[in-house]
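**Q** This is what each chain is made of:
2 protein chains.
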Amino acid sequence: MALIVAKFGGTSVADIERIENAANKVAIEVEAGNKVVVVVSAMSGVTNTLVDYCSQISPLYDAREYDSVVSSGEQITSGLMAMALQKRGIDARSWLGWQIPIRTDNVHGRARIKSIDTDELHKRLNNSEVAVVPGFQGVTELGRISTLGRGGSDTSAVALAAALCADRCDIYTDVSGVSTADPRIVPLAKKINKISYEEMLELASLGSKVLQTRSVEMGAKNAVPIQVLSSFDDEVGSAMAGTLVTTEDKIMEQEIVSGIAHNRDEAKITVVGVQDVPGIAAKLFGVLASAAVNVDMIVQNISADGLTDMTFTVPRTELDLAVKTLNDGVDLQYKEIIVNDKMAKISVVGIGMKSHAGVANTMFKTLADKNINIYVISTSEIKISILIDDDYTELAVRSLHAAYGLDKE
Amino acid sequence: MALIVAKFGGTSVADIERIENAANKVAIEVEAGNKVVVVVSAMSGVTNTLVDYCSQISPLYDAREYDSVVSSGEQITSGLMAMALQKRGIDARSWLGWQIPIRTDNVHGRARIKSIDTDELHKRLNNSEVAVVPGFQGVTELGRISTLGRGGSDTSAVALAAALCADRCDIYTDVSGVSTADPRIVPLAKKINKISYEEMLELASLGSKVLQTRSVEMGAKNAVPIQVLSSFDDEVGSAMAGTLVTTEDKIMEQEIVSGIAHNRDEAKITVVGVQDVPGIAAKLFGVLASAAVNVDMIVQNISADGLTDMTFTVPRTELDLAVKTLNDGVDLQYKEIIVNDKMAKISVVGIGMKSHAGVANTMFKTLADKNINIYVISTSEIKISILIDDDYTELAVRSLHAAYGLDKE
Numbered sequence: 001m002a003l004i005v006a007k008f009g010g011t012s013v014a015d016i017e018r019i020e021n022a023a024n025k026v027a028i029e030v031e032a033g034n035k036v037v038v039v040v041s042a043m044s045g046v047t048n049t050l051v052d053y054c055s056q057i058s059p060l061y062d063a064r065e066y067d068s069v070v071s072s073g074e075q076i077t078s079g080l081m082a083m084a085l086q087k088r089g090i091d092a093r094s095w096l097g098w099q100i101p102i103r104t105d106n107v108h109g110r111a112r113i114k115s116i117d118t119d120e121l122h123k124r125l126n127n128s129e130v131a132v133v134p135g136f137q138g139v140t141e142l143g144r145i146s147t148l149g150r151g152g153s154d155t156s157a158v159a160l161a162a163a164l165c166a167d168r169c170d171i172y173t174d175v176s177g178v179s180t181a182d183p184r185i186v187p188l189a190k191k192i193n194k195i196s197y198e199e200m201l202e203l204a205s206l207g208s209k210v211l212q213t214r215s216v217e218m219g220a221k222n223a224v225p226i227q228v229l230s231s232f233d234d235e236v237g238s239a240m241a242g243t244l245v246t247t248e249d250k251i252m253e254q255e256i257v258s259g260i261a262h263n264r265d266e267a268k269i270t271v272v273g274v275q276d277v278p279g280i281a282a283k284l285f286g287v288l289a290s291a292a293v294n295v296d297m298i299v300q301n302i303s304a305d306g307l308t309d310m311t312f313t314v315p316r317t318e319l320d321l322a323v324k325t326l327n328d329g330v331d332l333q334y335k336e337i338i339v340n341d342k343m344a345k346i347s348v349v350g351i352g353m354k355s356h357a358g359v360a361n362t363m364f365k366t367l368a369d370k371n372i373n374i375y376v377i378s379t380s381e382i383k384i385s386i387l388i389d390d391d392y393t394e395l396a397v398r399s400l401h402a403a404y405g406l407d408k409e
Numbered sequence: 410m411a412l413i414v415a416k417f418g419g420t421s422v423a424d425i426e427r428i429e430n431a432a433n434k435v436a437i438e439v440e441a442g443n444k445v446v447v448v449v450s451a452m453s454g455v456t457n458t459l460v461d462y463c464s465q466i467s468p469l470y471d472a473r474e475y476d477s478v479v480s481s482g483e484q485i486t487s488g489l490m491a492m493a494l495q496k497r498g499i500d501a502r503s504w505l506g507w508q509i510p511i512r513t514d515n516v517h518g519r520a521r522i523k524s525i526d527t528d529e530l531h532k533r534l535n536n537s538e539v540a541v542v543p544g545f546q547g548v549t550e551l552g553r554i555s556t557l558g559r560g561g562s563d564t565s566a567v568a569l570a571a572a573l574c575a576d577r578c579d580i581y582t583d584v585s586g587v588s589t590a591d592p593r594i595v596p597l598a599k600k601i602n603k604i605s606y607e608e609m610l611e612l613a614s615l616g617s618k619v620l621q622t623r624s625v626e627m628g629a630k631n632a633v634p635i636q637v638l639s640s641f642d643d644e645v646g647s648a649m650a651g652t653l654v655t656t657e658d659k660i661m662e663q664e665i666v667s668g669i670a671h672n673r674d675e676a677k678i679t680v681v682g683v684q685d686v687p688g689i690a691a692k693l694f695g696v697l698a699s700a701a702v703n704v705d706m707i708v709q710n711i712s713a714d715g716l717t718d719m720t721f722t723v724p725r726t727e728l729d730l731a732v733k734t735l736n737d738g739v740d741l742q743y744k745e746i747i748v749n750d751k752m753a754k755i756s757v758v759g760i761g762m763k764s765h766a767g768v769a770n771t772m773f774k775t776l777a778d779k780n781i782n783i784y785v786i787s788t789s790e791i792k793i794s795i796l797i798d799d800d801y802t803e804l805a806v807r808s809l810h811a812a813y814g815l816d817k818e
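Top to bottom, those sequences are chains A and B.
Under this note's numbering, the first sequence has 182 at position 182, and the numbering climbs by one with no breaks.
Quick note: to get this note's numbering, add 409 to the position in the second sequence (first position is 1).
Only chain A is shown next, with the shape it has when bound in the complex (with noise of 0.2 angstroms):
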């Protein structure tokens, strides 16, 4: 008998069939004597609606009544869940936000939970009840509803999983599992048994969609074993099934590459000639941030004549931001400033790198061995990451994919 916290995602509850769908889960878990805490997001489509609807009113709004908005999209869902369960003759009820409470701070639209009432929780699963409830929403101190920013549902997952001590966090999501890469651009892709958090937490970041990045983080702070799995597969949570994030020592066949991530939505910018005297990456780094560009990979030339070339990377949908916020930027000289919205970063990340040399070697030669040019690299302990032409992007992660033994047999 363990208890587990189940949380389905929009696309596993986008209409009536699927919501039963899901609850066939849940009801296999409870046959199998199991506690279970069911998580749900908006039915898909329906968070967007609602932040249209607001964007619409104002560009501008009171982020505490768009909390009180958006957040319903969940409620619907929960309750919804809670009828489903009923149906197959299980004790179920859905438990809003600031009925248990989870309590957040007072920054809405991205609060963070600060604490989680579980005595009556506990009390009512060691009553055989299943809990059902709305993730991404919590209520203030002042108490009023708060959200916890898009694809908080997974970290109200394993908030939930961290304050009941679950035994693990069933993340089921529209994909089987998380993969060695992209299985649109490698067929050969194979499916991740374990990995790690902190190798899930840079795939994440590096546009792996499957978990949000701080639910990785809270579960490794927490030790949540998290599970990632399909719902529209057969089968519920179990070692087999999925993926499961866990912590480092809990991982026996380590491959020194867990797997091939890409990001096509990068731009390059080169801001030439700028003076290269102390502070002056401060200066220009400090002026982007302000505007609330988000900088990535960061490469500084060699300097000559006391000038230098600063490269860095922005998401593609900032570059214009970017460039804007440079040219007005107050006493800030260079040269010009040289821009390609067509770049793609590849990374290559694995916890065995910690403890094997040469995997940036092969990495360089794969792409040097298809003539595909490398203009930033950036490294990390468990990770090597690479901007090249967008162009070459199936090419580069197949052909690293196959380099380091990931293709399957």
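Since the hints were derived computationally from the structure, they do not count as laboratory data.
There are no misleading hints in this set.
No farther apart than 20 angstroms at their CA atoms in a straight line, the calculated lysine to aspartate or glutamate pairs in the DMTMM-like style are these:
#1 87(A) x 461(B)
#2 523(B) x 626(B)
#3 194(A) x 174(A)
#4 496(B) x 52(A)
For this one, chain A is given, so just place chain B on it according to the hints.
**A** What follows is chain B alone, placed relative to chain A:
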């Protein structure tokens, strides 16, 4: 300076444009120096969609979960309305049922309001803050969301007006007030400027859908002046716009007849040859009541040979259930059942009837002149209702409207 509760129905907040339009009306009241509480319905269609979701999962859904699901419709509108008011420079916030709180009993799906905490609302109103309250919802003493039944937002508005001792409760709807008859049938029908609670109750229960019956009862009990007006006309609540529902003594020029109501949704049942013994009516209608059949008008024939006929009306949708119930009725003896499902009820309503003779006679004479046969007659202090063949509905309503001098000059 007055304290006004302004309620906007579903068609008045059907989309963002209409919410903005409603916000403009509130802004006019605020500029005039009034304190305003806004009560909103769900955007039209939303409640039906949510009810449909619940029914799809199970016709026997848990009313507690149903309340949590369907109340979200009004929650959405209240946040959007608060944003729309803020955009107009008005200090506004939404107050959900559990935040005020509006306490109700535990009868989910058709809860009754027990109390409303007004201290905080009064404080905010005195600070020129506009409170936006989702209609239809409250919270039980167990801390669960309750709803007041369909059309419950009218009741929320009147209850708030009563609790806050408001000067007026404005009900914005899609018609410009209460008419002397349905304008689609009587082109010469005119808007009633003032009407008593009692008359409004009769009109409401007779199928005039402008106000929920319970809201009128509550208005009468607490002497809340209710102003019915159109959110599409270029007017805000004032003595000259729409229809004012108020106490009898506030109505100066009393018409003998205020309006002609009709209801085409009637079926007539005659049970022929029942034993004319004491208790037979109690037995017959007791059986129907147990089956939740709503019996309206009743007449009993003169007895002959110890037998009599019972004639009564039921809503057309309940005819089959009524007949089946009578057929199955244990120890209920009769010769036969005759049904007619093409009947209409026509009612003449007016508080002046109390002190005027001849009102009924005018009705009978008018219908006789047009060769319209009357099947059943039922009277109250301020109303005479008759049952006729549905085919004659338009002719009867128009003729009576003229006969009582209600035609527009």
